[in-house]
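Participant: If you're matching them up, the sequences are chains H, F and R in order. So the first sequence is residues 1 to 442, counted in UniProt numbering. So the second sequence is residues 1 to 276, counted in UniProt numbering. So the third sequence is residues 1 to 319, counted in UniProt numbering.
By construction, these hints were calculated from the structure, which means they are not laboratory data. Hints are not guaranteed to be accurate.
[Claimed, not checked] Dumping the calculated BS3-like pairs for lysine-lysine here, alpha-carbon to alpha-carbon at most 27 Å:
#1 F:K220 to H:K74
#2 F:K220 to H:K336
#3 H:K428 to H:K269
Source: prediction; values computed, not measured.
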Amino acid sequence: MKPVLALVSSAAAAGMLLAGCGSAQTTANTPGNSTNANPAGSIDLSHASGTVVWAAPPITHTGLRKALIDAFEKSHPNIHVELQDQNSDTDTNRASLTTTIGGGSATPDVYLADVIWPAQFANAQLALPLDDKLPKDFWDRFSDGLVEGATYQGHIYAAPFFADTAFLFYRKDLLEKANLPVPTSWEQVEQEAKTLQQKGLVKYGFVWQGASYEGLTCDFTEFLADAGGRVLDDSGKPVLDSDAAKKALSFLRDLVQSGVSPKSEVTFKENDTMDAFNQGDAAFLRNWTYAWNNSQTPGQSKVVGKVGVVALPTFGGSEGYSCVGGWDLMVNPHTKNLAAALAFVDWMTGPDAQSILAKRFGEIPTNKQVAQDPSLAQLSPVFSVIPKVKFVPRPAQTPNYPQVSQAIYTNVNQALTGSVSVDDALKKAQQQVQSAVSGSGL
Amino acid sequence: MVESRWRTGLGYAVLVLFLVLILLPFYWMVVTSFKPTGEVAAYPPTAWPVHWTLEHYRNAFLRYGFGVYLRNSVIVTCLTTLFVVMLSSMAGFAIARLPVRGKTPVLIFLLIISMFPAIAIVTPLYMFMRALGWLNSYQALIVPYTAFNLPFAIWIMRNYFLQVPGVLLEAAKMDGASVWQTFLRIFLPLTTPGIFTTAVFTFVAAWTEFFMALVFNASKTMRTIPVGIGLFSDQYNVPYGDIFAGSVLSILPIVVLVAAFRKWIVSGLTAGAVKG
Amino acid sequence: MPYAAGAEGQPDVSGRIRVRRHRTHQDGDRRAGYLMLLPSAVVVAGVTVFPILYSVWMSFHDVHLTVNGYDMRFTGLANYGTLVHSSAFWHSAWFTTYYAVVTVFAELILGMLIALAIYRVQRLKNLSLVVMLIPWSLITVVSAQMWSYIYNGVYGVLNAILQALHLIQAPVTWPGTSTGAVLSMMVADIWKTTPFVVIILLGGLQMIPAEYHEAAVMDGAGPWTVFWKVTFPLLRSSIALAAVFRILQAFGVFDLPFVLTGGGPGNATTSLAVLGEQALFQNLHFGVGAAVAVSTVLMVLTLSLIFLSAFRALVEEGA
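Could you put the whole structure together from the sequences, leaning on the hints where they help?
Facilitator: Written out as structure tokens, the structure is:
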């Protein structure tokens, strides 16, 4: 079996292609010169002690954070970890972190950071460069490609903690009833969804995330990659007026306008699509790894045992692209206990923590050794699908990524409602991405 | 009088209609908080829980530690309200009834302060609080809440003092009372509706404030209810049942407070009112 | 900014009192007055002045966050120039103004109606007050989540009711269109903040001496005349207070679009506060974000002054 996160080799390739704007970055900001530069990773972690404050939003309320902290404290009796609960809304979470750390606070020492944050946080010096604090071979533990995503202008700012990606979940009972195969292309998904709806077997054909928020950027980036397009070209220029972009957006818009996806699609976030699927109202669902466990939990789901999962398809057949998601660990540049913070980061990305993460909580590990463990495939069907997934990152190598993303999701969302044509929406997105990348505009 | 009775009847009808309209969404929230998770997202929705459950209330306390948030909110809000009422009634009285200079600039200045969007102030205020060493403390919220609610409170109190006839001040003086005595014994009792309005306004504003509480008091022992309820959701789930249970709990203290101070509030509100 | 010429014995907005005073008391009274103002002045100035000035200062700079704090380079009006040339800003300004005017107008009318009804009926006053406090004291984010649950296009109760009444055929996603999203927000806002207006107006009503009404009724005035000639002019300071502070709050509307619509669809419901939050906390463009905040203040100030002068004309016409 290929490494589970062979993902990452393709992610790296895609990353090179799509995230080209990293090199077009012109900010004359030299990061990392302010803290005690310490070459060759000579910080001694073996005597680390004291308290580490770890800021993390609840990934899920399954006790993941507490289980990891308990195990860490057992193996490091001299270090106490205090969990600082963060708001699960990514924007609220980021706002509180940028305000406190930007305001000079020494805590949290370590914080959980979305994979799209490194460039922005590095540029604003909200994260400590880790490449000269940890030994070179530390970075070898991660599956290929992940460290590139945490790198900005030659420095590594984050340790990948767990990865996430999207899948196509389907109702195998409905497909059986209607005698339909598992679809292998987007066109087929649309066709079969329509058939199931016409037969009165299900209310909605296909649900995905179409609200005006970051999630829509993920969904759109996938369809865009499937159509052969991308957001930024190699030189960092936006290319959203391409035929590929038109194809992707037209397809999504038709899904909503033809009723394969509900009209509510334009307000759907992950939880809305999950609810619709769990209530038995949707035949197909595009969602992240967690959706497997979520749909198989009795009491909140009516489709336990009726669900299948495959890699997202593409236009015209075979496997399509899936957005790279997940979370990293970053260190506060003002931390007063760097050794303990690094010891915590070291352990959290090591085999013990990563095994707990994967085996007990079903998250995709970033540690190569754990990711290659063949026993994972038996734990959850999503693990056996991962080797087939092709990855596409969001264009997050620019510190202005949030603005780039806003330009994408507001205009795509507007097109989905039907109030603006595909061409006009893309033209506007193109302009706004352009002004975002150049660091101007609102 | 026939006509008068007819008008009172109309008043009843209007009032009852609005009370029902106001209560309907709230009813929906309360009912949902007693439904098991599976029923929360059912369609068509059930008007009454088919299976009653207290799981959301249990979650609020046991899983999310609602008790701590409640304690912090009560302390912060009550002290803020107390300070604002005390300070604003003095300042309002001075502006309304005493010959201090520069009243108009002060009033406009206060208005502008209340206009400044909170989001633009939080960052510099955070640095200020950190410099004072006040982060994760009750005063980190009480002091800014008092400061940001005072402008409006002063405006309210000033309005009420203006409606108390100014001749009373002169009359009290003639009897040899000091300004302070006149303020405390004559003017303050006559403006109880104003004090009530100010208190309620401040209480609600402090009770529901989110952003400063989020940033200034991040430690788990110092969080207030709005920040605490914000932690009920996880990345991909909005647990409506738990959130609604939390907000029902967050309203209970206010209902209890109003019930407990009923006499005071009613006498306050009926002071000066006579049946029409 | 006096908005209404005071009736005889009624002070104008600056609080000037038209009652003759004995000179001898003036100085002592003034000293007591300053003493009474002092604590509020210390608290308000101590806490609010620095952050506000800092924010205004930032709006004239290109601000970059570094590990040593904010790195500021003076750029004059460049941030304001960015706003002026941004269609997103003008859209937000227009939307916010429209939203504030419509909701405040609706709230004033509804609030007046309810306040008069409570005043008239008296018996339900206790219950009414408790009920009024419920929406108002609901945490704003939660209230937005509640409406989002009610409006939900898949399992929302609003659709269920309308379908049961045969008013709609299929479930509708209320915040899914531009008009729908704006209306959904307005309903949620009016529900939550009308009680605020009611309490202010009710307080004002209670302060009107009953003899005024009685005298007017004696003179044979009908209820409509009594309202316009007696109640309304005497309530004007309460109305102005409620209106100005509601305009101000409506202009800062943030949680509702943030939770209910995410500013969408498109940017249909992106209020100035949402736009400012995006600039300040998502994009970390502190200078531009501060400029949005300062511009908002200027707009609210203008709108309040327009309202007050229009209101003054209305009162003078009625009286």
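Participant: Find the hints from earlier in the document that the structure breaks and name them by number, from lowest to highest.
Facilitator: As far as the earlier hints go, not one is violated by this structure.
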